[in-house]
Every structure is written in structure tokens, then in C-alpha cells.
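Novice: Starting from the structure of chain A, add chains X and H where the hints point.
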Amino acid sequence: MSLCFVDVTELARRIAGREISAEEVTRAHLEQARQLDGALRAFITLDAQGALEAARALDSRLARGEPVGPLCGVPVALKDNLVSAGLQTSAGSRILAGWIPPYDGTAVARIRAADAVILGKLNLDEFAMGSSTESSPLRGPCCNPWDTTRVPGGSSGGAAAAVAAGLCAGALGTDTGGSIRQPAALCGVSGLKPTYGRVSRYGVIAFASSLDQVGPLARSVRDCAALLEVIAGPDPRDSTSIPRGLAPGSLLAACARRDLAGLRVGVPREYFEQGGPEPDVERAVREAIEELRALGAEPREISLPHTPYAVATYYLIATAEASSNLARYDGVRFGLRAEGARSLDEMYTRTRQQGFGAEVKRRIMLGTFALSTGYYEAYYGRAQRVRTLIRRDFTRAFERCDVIATPTSPFPAFRQGEKQGDPLQMYLADIYTLSCNLAGLPGLSLPCGFSAGGLPLGLQLLGPPLAEETLLGVGAAYQAATDWHRRRPPLADGAAQEALP
Amino acid sequence: MSALEAVIGLEVHVQLQTETKIFCGCSTRFGAPPNTQVCPVCTGQPGALPVLNRQVIEHALRMALACGCAVNTRSRFARKNYFYPDLPKGYQISQYEEPLAEHGALEVWLEGGARRRVGITRIHVEEDAGKSLHGPGASRVDLNRAGVPLIEIVSEPDLRLPEEAAAYMRTLRAMVRALGISDGNMEQGSLRCDANVSLRPRGSAGLGVKAEVKNINSFRFVQRALEYEIERQRGLLSAGEAVVQETRLWDSAAGVTRSMRSKEEAHDYRYFPDPDLPPLELEPARIERLRAALPELPDARRARYLAELGLSDYDAAELTRERELADYFEATIAAGAAPKRAANWILTELLSRVADPRDVAAAPVEPTRLAGLLALWDEGRISSKLAKEIWPRMWEGGESAEAIAEREELFVQSDASELEAAVRRVIEASPAQLEQYRAGKQKVLGYFVGQVMRATGGKADPQLVNQLLRRLLDEG
Amino acid sequence: MSRITPELMRHVAELSRLELSDDELTTFTRQLDAVLAHVAQLEELDLDEAIEGTAHAVDLTCPWRADEPGPSLPRDRVLGPAPERDEACFVVPRIIEG
Chain A
1 MSLCFVDVTE LARRIAGREI SAEEVTRAHL EQARQLDGAL RAFITLDAQG
51 ALEAARALDS RLARGEPVGP LCGVPVALKD NLVSAGLQTS AGSRILAGWI
101 PPYDGTAVAR IRAADAVILG KLNLDEFAMG SSTESSPLRG PCCNPWDTTR
151 VPGGSSGGAA AAVAAGLCAG ALGTDTGGSI RQPAALCGVS GLKPTYGRVS
201 RYGVIAFASS LDQVGPLARS VRDCAALLEV IAGPDPRDST SIPRGLAPGS
251 LLAACARRDL AGLRVGVPRE YFEQGGPEPD VERAVREAIE ELRALGAEPR
301 EISLPHTPYA VATYYLIATA EASSNLARYD GVRFGLRAEG ARSLDEMYTR
351 TRQQGFGAEV KRRIMLGTFA LSTGYYEAYY GRAQRVRTLI RRDFTRAFER
401 CDVIATPTSP FPAFRQGEKQ GDPLQMYLAD IYTLSCNLAG LPGLSLPCGF
451 SAGGLPLGLQ LLGPPLAEET LLGVGAAYQA ATDWHRRRPP LADGAAQEAL
501 P
Chain X
1 MSALEAVIGL EVHVQLQTET KIFCGCSTRF GAPPNTQVCP VCTGQPGALP
51 VLNRQVIEHA LRMALACGCA VNTRSRFARK NYFYPDLPKG YQISQYEEPL
101 AEHGALEVWL EGGARRRVGI TRIHVEEDAG KSLHGPGASR VDLNRAGVPL
151 IEIVSEPDLR LPEEAAAYMR TLRAMVRALG ISDGNMEQGS LRCDANVSLR
201 PRGSAGLGVK AEVKNINSFR FVQRALEYEI ERQRGLLSAG EAVVQETRLW
251 DSAAGVTRSM RSKEEAHDYR YFPDPDLPPL ELEPARIERL RAALPELPDA
301 RRARYLAELG LSDYDAAELT RERELADYFE ATIAAGAAPK RAANWILTEL
351 LSRVADPRDV AAAPVEPTRL AGLLALWDEG RISSKLAKEI WPRMWEGGES
401 AEAIAEREEL FVQSDASELE AAVRRVIEAS PAQLEQYRAG KQKVLGYFVG
451 QVMRATGGKA DPQLVNQLLR RLLDEG
Chain H
1 MSRITPELMR HVAELSRLEL SDDELTTFTR QLDAVLAHVA QLEELDLDEA
51 IEGTAHAVDL TCPWRADEPG PSLPRDRVLG PAPERDEACF VVPRIIEG
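Chains as they are written, first to last, in my numbering: chain A, 1 to 501; chain X, 1 to 476; chain H, 1 to 98.
Chain A on its own, in the form it takes in the complex (with noise of 0.2 Å):
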């Protein structure tokens, strides 16, 4: 069997085992991304000359015996807002190509201390602003390995198609409207994006400072919450980190769940409401709740009413936070400068131009012009109230349910360029996931089936804080009775089993 499509303990545990090395299973791993990645284009950094060297000092402190993390030789890549040490941390962005970082973001650290194998740097929207994956310079646009004709979805889109073709055998995304879940629904993986404050954001190369969350995707459930154990827990370098911490364990011991005796499933019913899901999706989405009810959870309708409001309270606060967060990219310190300007202000305007994309400009304009002066109270400020709301709303959902199911995208992936025209159509495809972040709330996509085309489609479950045992839990019985999450795009099984040692 292909080593590129086993889980993620049962490799470590092979590996720990000594029954396979570390560098073997990196070399598949390379292997497969010398295949497969000229076509999907996941990869802005592969480091194949670093991950071996990882490998192979891995190796060697197994050799004498000595012990090691619980990632053990797992390779593992990352999206390219991550901020990684000596390695190329780009955001996607012209204006950020070829930084080397002086340090470890916490997340990497924590991933490289359990001893993964990091096999380089995924492809994203430029500045993780996008759902489509296709904005990035630097690689050029990502393709589904399901239809290279369409999309992976995106911010954390490098991170979903690698994971779905055998890249890599997790990854780590970050998650702002949406942009670990929704690519994770449209290549047909899992992703979590964690409780607000519960993965550090030291090292997150910041979009929306109140929403930016980094999290796992992965080929099931039960993989990302390995992946989570590692990486969540209080940091003192991040003042917005929860200070109480996971029991050790705990995440991965919730998915062995498999009763869902007594779980309310709350389902909202403007989700569902006319210009809501394509009928593909719908019929999914309704058939993974009844899976669910099988298993023995009550599903029951739920309201959350001010869904209509979210994504334009959505993108006055996130545009207003990113407009501040890049101010830093002024030409001065790193990255690009333009050249020949004659004054400090012509080169911070003329360095910004070049480097940043449409979409980038776009939105810091967007942002500046909420918290300018005369704009602010209505705009920024009446969306940070609009968010309240927005809160409230799950609060008093969950007095009524214990999880909330719900599609995660509207639509299965669209066609590459389909949407470039009218960012507003962007937009929109992130309705089902923006509240979660503007709530501050965990939430996991886990397929759920495949659209008349083969396109994979994804079931949303939404938690209050903190309950992300509960939502693995859910997910890990969903996955254990139904196998969607076992199917592979053809493009990626075929190379796979040439790849066999």
C-alpha cells in the first residue's frame, strides 16, 4: 500500500516502531509531490533538501534509541502565512517574496518539536484574502486534484489539494471566513479551525487579528485532531491565547465516539433558505444528518437570524484589521522596495502598488475607508455591533442544540476564473463559514459526499467555545459509519500506486 495515504498515527507509530524509516516515507511523500505538483501547483516551497536532512537525523535518534515526539517523521507542510524559520515565508505576496524569517511562528515550532518532517510551504490566496486559491504570484493558481480545471478552494487552497493528493499527510492551514473549512469541503478532506485563542497566532502572518486562527486539514477527523493536541495550548508570546490548556489526549480519546445518543444537531434554517445551497449540496448535506440521526442524534431546526448580515459585518471588520496589519509592508525592513523613488513616500506607495494584488488592494482600501474618519461609526462601528449580534444568536442556539450542521460551501469547486469578476460573487461563497469566525467559535469540515459531477461536498459542524472534543467526537463516528473521507481523486490514487517502493 502506498505510504502516501496512510493516517497520520498510524504513521507515526510505523515509524517510532522502526518499521519503516522516515526518510522512506519522506521520499514517497517527495516523490508524489514531483508527480502530481506540476498540475496542481499546492507547493510554493517544496524543501525537499531540508525535510531529508529532518528525516534523516530523525532516523538516526531512533537508531540510538532515543525518544521522540508524537508526530514522529510525519510529513507535514504549511501554508505560507506560517511564519517558518529559514525557510521562505512568502504570504503568497510579491511584496513578501524570498523572506527568509529569523524565527519559528509557535504552531511550526510546536509541529517541528513532535518531530514532523516539514516538506515545505503551500500555496494561498495572496495574503490568505481569497477562496479560490488562484491570486497567488508566486506559483500561479492552484488546482483541485479532483478537476485541474477548477479551483481547491481557498484561502488554505495548497493546503487542501496536498493533503487530498497524498502531498503530504496533513497540513496546517490558518482559518479567517472560512479559509480552512471551505477548501477542505471542495477537495474532500477534513479541516478544524479551533476556538479562537485556542492555537497561538504568534507566527501567523496576520489578516484579521479577532478572526485569524490557525488550524489542521487532514484525511480524517481523527487526523486533525492529532495534529491539534500538538499545536493548541496557551502562549505566552500571544495575548489573545486562552490560557487554560488541553488535557493531554483528550482530543484524540473523543474520537473514539461513536454513540451519538442525546446529541441535539441544531439545523439553522437560513442556511437552507431560497438562494442558499445548490440542490447537490442540500441533498448531502440532509443525507449527513441523517447519518447522523442514525447514529442516534436529534436533529432540530434552529434560527440563527442575522446569517444575512454576516458577511457584510464580515468584510467591514476583517478589510478594517488587515488595512492596519499590512501597514508593516512599507518597503523599509524586508521584502520588496520599489526602486527608484526619489522620496520615502514614492517608494512606499510605488513598493505597495507592485506588491500587492488586486484583491489585496481592494480590500486594505476597503478597510481604511471603514475606520476613516466620518466612516467609522458607520461602518466598522456598527459592524462590531452587528457582530454582537451575530453572537448572540449562536449563544442562544446552543441552549437548543449541542452542535450546529451545516453546509460549508454553497457549492461544490468552481471553475478556475468563474469568479474573478465580481469580487462581491467572491464573497458570498463564504456564507456559511464567516459567522463562526466572527463568533469566535470552533468549526470542522468533513466530507459528506459528491456532487452529479464527482465533485466532493462538505458537511459543516459548528461548536460553542471550547468544544472541540465534541465536534471530533461527532465527526469521528460520522467518518467511522460512512467512508467519503476514504475516496481519492483519480489524478492522485493512480500516481500513488506507481509510487510504491
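Honestly, the hints are just simulated from the structure, not real lab data.
Here a beta-carbon is modelled for each residue, glycine too, at the ideal position from N, C-alpha and C.
Honestly, I wouldn't trust all of these hints.
Stated by the list, open to error - Chain H stretches covered by chain X per the calculated footprint, using a threshold of three residues with CB under 8 Å from any CB of chain X: (1) 17–30; (2) 58–66; (3) 85–93.
What the hints assert, rightly or not - Stretches of chain A that chain H covers, calculated by requiring three or more beta carbons in the stretch to come under 8 Å of a beta carbon on chain H: (4) 190–199; (5) 337–343; (6) 352–362; (7) 376–386; (8) 418–430.
Specialist: Leaving out everything else, chains X and H in the frame of chain A:
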């Protein structure tokens, strides 16, 4: 045109003396080579995040409490957004709508003992920017100072005269030094002042158009810059022209303020709550502990010296300029010295021997030994002149004044019969001067006194000498 | 809410230090106008005076650290990525003051 009065409000930044910066663990030590006290956080690297230094809040609270402010138990950090090379994140973390403290007041002591009450609108906490060193074609940026903690103290527009503004600055300086939160040095930039000044008809309640004056870096310049600016505005108004609301820079070489006609004017800071820092919550108990532990502030001490110790205005003001000096003074009188004599000695003989008034805390002569010297003087066993001879010897070793006087025979000679003999010898040796004295030239007495002092090696009791001379000279 | 005019766009671009081409200005104005039209629906909501905004998604208070030194970066690592530098400082073009 009715008489105009000036209305002045000051925005003062104080650099706080902490080991490390406000949001990261880099050192704040002054004078290090450029860019050697920096890290991802204070250089605004992608992905870096701020974490608050507890000591900054404690220092800021001390100042807030010393100014009688109401402390907000919940306050927020806000981002102030603008572009400048020494501002690495492209925004400064400051406080805007919910500052740490508000609604306080200070009493400022003016010449001649009058006092002016100045309201404190707010005190908030923020980070300093780095330094740009401007050259002909380029500028160089040093980020060592980026992230050093500051408090900003905004006064109500209660000041009326440039001298008052300078006095206010001196008061703030004395306070921050007494509280131990800053060294309050305007020349080095740990105490900075921006002034808002406008004119209005005397007695009216509204405010005129104000100009903001920046780049004032000494107490003298506070006064001069404001004097110039008030005259400038007065000139405009009496010529029927309007004052433009603008920022002006003080040019100390030329002695004028100049308009900063640049993009600086168009700043829209777009303040919003910093999402990287949750709201700051302070326990009332902690605030009370800090309040209870506040030292006596300079103005309170000064008032006490006037009221309870009977010192002059001048002496009280001078002694309370530095906490160490006032502490030394109080230790000296605690050891028994008379306040006025101690004040005088400390302000002359002690201060002249140290480079900086604060150094008295480490002076070789401790307050108890000084008290011993002054006690001898009080008792009449030594004179002022003899005290000044003993004093340097006290600096060289650790002996008491009494021990030195014994060893070197520096006591006042008060044996009346011996002195009388000496006086007679002097009178006999100076017949010409005797004639002059008898002819009515009273001033010649000084000559006789001098001669007696010479003859006795300066140790004669001057009062006794005077008495004897008068008696013997008038004798016949 | 007002429509976004080209003048306002230019002002916002200047605040953001972006030098937009005429084409971009036109396109962005149209696109942002469409977004703002969607955003206008927030006006429909009758917000209770008492509703405070949510600046932080989870209820946290500001943590603090002791006033103790932490690691600084060696100067070479800080200045290394700089587009222009001298031995000790970042170097930028001259700043034009009014």
C-alpha cells in the same frame, strides 16, 4: 480691541524607566549601538504579537494616582495608524477612547509663592517609536527606541503664562523623579512637551484657534517658544488676520516657530481597538496598594517645609527639586540639626561638592555626621569659619566633626582672659588704627577683628572678640 | 451611507499609501461601490443603543509579563532582509518635510 489672554494646554510624554520595553523583552538601556536591542515584536516582523509589561502599568498608575486621577479599572489599547520609517508596524499601540486614567489635577508653584491649579484631562500608556537620523539624500533608522514605554499626560487648557507652562514642566519632572518612574530629562528626550496655545479676549469662555507647537526640548525653550508664539498670534489678530490651526515647530536657533506645511497635516489616524490586546482589567485592591505606597511628593514636601520647618520659599523649593536631596535634608534634621542651618549648609557646602544633586545619597559624609558638625556650631564650640575648615576633612575620612576638631585644635577659643590678652596686644600694636577708631571711624573695628583672628589662628570666638574690642577700645 | 466617489477613493488610497492607476481607480471604485451597496443592509438593523461592539471574539483580559529581559535578535538577522541598509541601520530615501 479688548485685552487678550493666552490659553495654554500641554501634552507631555514621559519615557518610563523599566528594564524592558512595553510589549517585548528587549532592553530599554540608553546608548546601545543602533538596532542591537530589537526583536521580531518591536521591529514589526510579520507574525509578531505584543505582550504587555506589568511594570509599565504600575509606573503609569503611580503617576495617575499622584495626579489625583480617577483610574479606569477597564481600559483598552488602540492602534494609531500612520506611515513613518521609525514606526515599524505602520501603527503605534496607544490608548484612545478608554485611557488608563482621567480627571486629575496638579498644583503648580509659581514665582513668589502663588499657585496655579492645572487640570489633567487624561493619562494613557503607549509605545515610543524608533529614531530616524536624517542625512542629505537618505535617512537612517534605528529601532532600539521602538517599543520603549511612554505615558502621555494631557492637561486641561488651564495655563495662562509661558512661565506657568515652564513651572508645570518642572513640577512634572520633580514628580516623575520622586515617584522613581522616569528621570524626566527634557534634553535627552525622556520628558517631551507639545504645547497647544491660543488667544482669546480676557474674560471670555470660548477658545480661540489654537496652534500646536512641537520640538521644545528644554524648560527654557518651553517659556521662549510660548512667548514667541503668543506674540505671533497677537500680531496676527491685531492686524485683523486669523490664526490658522496648524502644527508649528520651534526653531531654537532662530528663536521662532515655523509652520509644518506638510502631509503631516492630513493625518487621519483611524483609531480602533487593538485586536491583539484584550481589555486591561485592574483590580481595585491593587490600585489601593499602589496608592498607599506612594512616596511624599515634592510639592507636599515643599509645603511641609514651609509650614512646619519655617524654611524660606527659596530653600524649600531648592531642597525638594530632587528626592535624594530632600531625603538627605530630612535625615540630617532627624539626627538633630536645626532646619535652617541644615538647609543652608546642604544647599551651599554640600551641593558644591557633588556633580549632581542626586549624588548626595552617595556622598562620603552621611547626614548623621553632618548633623554632628552643625551641632558643634549651634553650641558655639565652633564658628562658621571653623566649620568650613573641618568639613573637607570630614570628606576624606570617616571621623566625626568633634574628633577632627579635637585632633586639629579647631574649636573656638573662648577663654576670656586669654582672648583679652590677645586683644590688648593687638590694640597696642596698632596705634594708628586706634586713633582712627577714636576719631569716629567705626569701620576700623573690622581691621582689629581681623588682626585678632590672625593672631588666634582663626579660632577666636568672634562674638567674644567683638565684645572685648568694643570694651577695650572704648576704654581709654 | 454615501456613495464612494473617485475623490474619496483617491483620499483613501493616499491614506493607505497605494498609488492606483487610473484604470484601477475606475475598476475599484465600481467594485467597492458594489460591496458597499451590499454592506448597506446593515443599516436595516435597528441597533439597541446599549449594544457594545465585539472587538474580541472570546472573553479574555489582557495578560502581562514580568519586566524581565527576553532574547533580542542579533543585528545581522534584523538588518539582513533589509532592502537597503548600512552597517548599523535601515536606510530609506529622504523624507520631504513641508
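Novice: None of the hints should be skipped; say for each whether it holds.
Specialist: Structure-based check of each hint:
Counting residues of the segment 17–30 of chain H whose C-beta lies closer than 8 Å to any C-beta of chain X gives 1; at least three are required, and the coverage claim is violated. Three residues within the 8 Å Cβ limit are the bar, and the segment 58–66 of chain H against chain X gives 7, so the coverage statement holds. Residue count for the segment 85–93 of chain H with a Cβ under 8 Å from a Cβ of chain X: 7. That meets the three needed, and the coverage hint holds. Against chain H, the segment 190–199 of chain A contributes 3 residues with a C-beta closer than 8 Å to a partner C-beta. That satisfies the three-residue criterion, and the hint holds.
Chain H is given as covering the segment 337–343 of chain A, and this holds because 4 residues of the stretch bring a CB closer than 8 Å to a CB of that chain, at least three being needed. Here the segment 352–362 of chain A counts 6 residues with a CB under 8 Å from a CB of chain H, which clears the bar of 3, and the coverage holds. Only when three residues or more bring their CB closer than 8 Å to a CB of chain H does the claim for the segment 376–386 of chain A stand; here the count is 8, and the claim holds. Only residues whose C-beta sits within less than 8 Å of a C-beta in chain H count toward coverage, and the segment 418–430 of chain A has 4 of them, enough to reach three; the restraint holds.
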